[in-house]
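S.K.: Protein sequence lines correspond, in order, to chains S and B.
Position 105 of the first sequence, counting from 1, maps to 110 under my numbering, and the rest follow consecutively.
Position 4 of the second sequence, counting from 1, maps to 102 under my numbering, and the rest follow consecutively.
Hint data in this document are derived by calculation from the structure and do not stem from the laboratory.
Keep in mind that a hint or two might mislead.
[As the list claims (entries may be wrong)] Cut-off 27 Å, straight-line C-alpha distance, at most; resulting in silico cross-link-like pairs (DSSO-like, lysine-lysine):
1) B:K381 with S:K32
2) B:K217 with B:K170
3) B:K536 with S:K89
4) S:K141 with S:K222
5) B:K335 with B:K369
6) B:K369 with B:K298
7) B:K170 with B:K364
8) S:K89 with B:K439
9) S:K141 with B:K439
10) B:K335 with B:K380
11) B:K364 with B:K381
12) B:K265 with B:K278
13) B:K265 with B:K275
14) S:K89 with B:K454
15) B:K278 with B:K239
16) S:K32 with S:K222
17) B:K265 with S:K141
18) B:K536 with S:K222
19) B:K282 with B:K265
20) B:K170 with B:K369
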Amino acid sequence: MLEMQHVSKVYRTELIETHALRDFSLKVDEGEFVAVTGPSGSGKTTFLNIAGLLEAFDTGTFRLDGESVNELNDDARSRIRNQKIGFIFQSFNLIPDLDLFDNVDVPLRYRGLNAAERRRRITQALELVGLASRMKHVPAQLSGGQQQRVAIARALAGEPRFLLADEPTGNLDSLMARQVLDLLEEINRGGTTVVMVTHDAELARRAHRNVHVMDGKVTDFQPYAGRPIGAGAAGRAALA
Amino acid sequence: MFGYHLRLGLKSLRRNPVLTALMIGAIGLGIGVCLTTLNVYSLVSGNPLAARDDVVYAVQMDGWDPNEGWDKDRPTLAPYELTFRDAQAVFESDIPDRKVIMRKGAFVLGSADEKSEAKPYIAVARLTTPDFFSMFAVPFKYGAGWDAEGERNAEPVIVLSEEANQKIFGGGNSVGKTVKLDDKEYKVLGVLAYWNPVPKFYDLNNGSLDDPEAVFIPYSRGELLEVVSAGNTNCWKPETIDSFREFLNSECVWIQSWVELRTPAKVEAFKSFLDGYVAEQKKLGRFPRPLNNKLSKVSEWLQLNQVVEKDNSVLLGISFMFLAVCLLNTVGLLLAKFSGKVAVVSLHRALGASRKLIFRQHLVEVSLIGVAGGLLGIGLGYLLLLALRQLYNSYEAVTRLDWSVGLMALGIALIAGILAGLYPTWRICRVEPAPYLKTQ
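Using the sequences provided together with the hints, build the complete structure.
M.R.: And the structure:
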């Protein structure tokens, strides 16, 4: 599903070079729920950005869903982001002057779906996160937890094969964090591969496996600890 | 996708109403000033007889002072007008398909009906031969002009302008009715529809931006009634002039002359006729200068008379420079606005928008600003023209808004908006989304 081999990424300014990733290798299989942990500045977010095709890398290889992404142009990378990847951010990243319906609609617009299909997917995604009745509200009218659920609905509406979550519970209290994680687990059980970056060891324990990153390298790898891997493509279809 | 971009653009503009208003205001101000000068320039530089430009010619003959030309700065320029005698010779030629000799006069115009409530007023008249109306494609609302016989007999007939007909007869069909010019009665043969050629090409020497005359009467009436000229009269030769007849025989130029020549052969024939006529006159001691006859198409005539003054062109240039300054301000404002949108744009990129789509979306947004600025500019331009009209009554003809210029201004505003937005749009497309997604 996701395979990085010897990937490196260096941020350069006139004064300094920062090695965000060094010889970074990781493989994530379809249907897995992987938690990426590590201290601040360890390279977790850089990994997630590269995995989400939001940033280029300097050396190494990266295959996503069997396709090498090294040489893809912006159009192709954008298409893959739109069709295969869902993003969940720590700060929700909802567009403040669009209502919930329109927020969830954004990736579907870029997909070129017709109005009826978009409406169906938006309604279904908002129902899944329990916010269908509030689709005409704007984000400011929602709590933090609700906003994150809208962000999850937006990610799900595109029916991605791969969900990338960057500290999805970082701005939530423990109760809401648990609810969001329950939702991510449910999504994963439906067959979507989930990669979650987190500081929270307790949350990380709920993943199939943990990958610890330090100084831009994978330093520890905890294999599957008991929770069964999701139902794959069939499960994802059931969600849709 | 265009509809979606339009919707996002409108929402984005509403997000920062002050910035949006400043940008629209900057473009609107620039367009308003441009529209005003462009409007005046367009009207002044237009050719109202463009459709007949290839067949209608102004006639010049150079019988001016042998020691000093008509225009010191343009030594080859012949006088714009003819003497009475030379104009008569043009009129008597049977080469042209149509021919007009004419001049200005002034009368007190009033109703012949003593019961009429219309007050008499001083009206400018054109004393012209009858081809004036057909040669210059003058539109009639009622009736028609007079014929050759009417001209020959100096009949007391008249054609009223739409405005004069409104004043005397309340705008109704007055054909067959009678008006008074000074103390003489004239039978109304026709009433013009609205007609206001700008510039007044057929008599540029007597106020190129003036309105057309209020009434039109046969040219021959002028000679019969000894009507003095109300237009420019220029003389170079010391002559004793004690009577109207002596004035008609003088070397003073004051008659405008036009001919219609429909074929190149006729043009050549008429030129030969003029050359022959001047050669004959030279034998009589007239036309002391070298042969310098000229036939000018209307477009050439407008250039020859320098209707579009250099000041107009300079003013137009300055107004476009002002627009450029406004656009530079808009670029700055757009950069500020778009820098505040980086997080949202990054999110759109993360959700699947390519750089091309972001570029298109922002082009739509800046186009909206351009169009809104253009509409504001048209409004401002209209107000500026109104203000000019209040200040300078005589410029009424060039201070009316030409809607084709208005549409052009809208197009310029759209292009201006896009031009102003190109750099900010390009910049925001180049933004790497990742750093802006971590925090909102």
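S.K.: Give a verdict on every hint.
M.R.: Results for each hint:
no. : hint               : result
1   : B:K381 with S:K32  : 111 Å, violated
2   : B:K217 with B:K170 : 46 Å, violated
3   : B:K536 with S:K89  : 21 Å, holds
4   : S:K141 with S:K222 : 44 Å, violated
5   : B:K335 with B:K369 : 26 Å, holds
6   : B:K369 with B:K298 : 25 Å, holds
7   : B:K170 with B:K364 : 32 Å, violated
8   : S:K89 with B:K439  : 26 Å, holds
9   : S:K141 with B:K439 : 23 Å, holds
10  : B:K335 with B:K380 : 15 Å, holds
11  : B:K364 with B:K381 : 26 Å, holds
12  : B:K265 with B:K278 : 13 Å, holds
13  : B:K265 with B:K275 : 14 Å, holds
14  : S:K89 with B:K454  : 20 Å, holds
15  : B:K278 with B:K239 : 21 Å, holds
16  : S:K32 with S:K222  : 13 Å, holds
17  : B:K265 with S:K141 : 64 Å, violated
18  : B:K536 with S:K222 : 21 Å, holds
19  : B:K282 with B:K265 : 18 Å, holds
20  : B:K170 with B:K369 : 25 Å, holds
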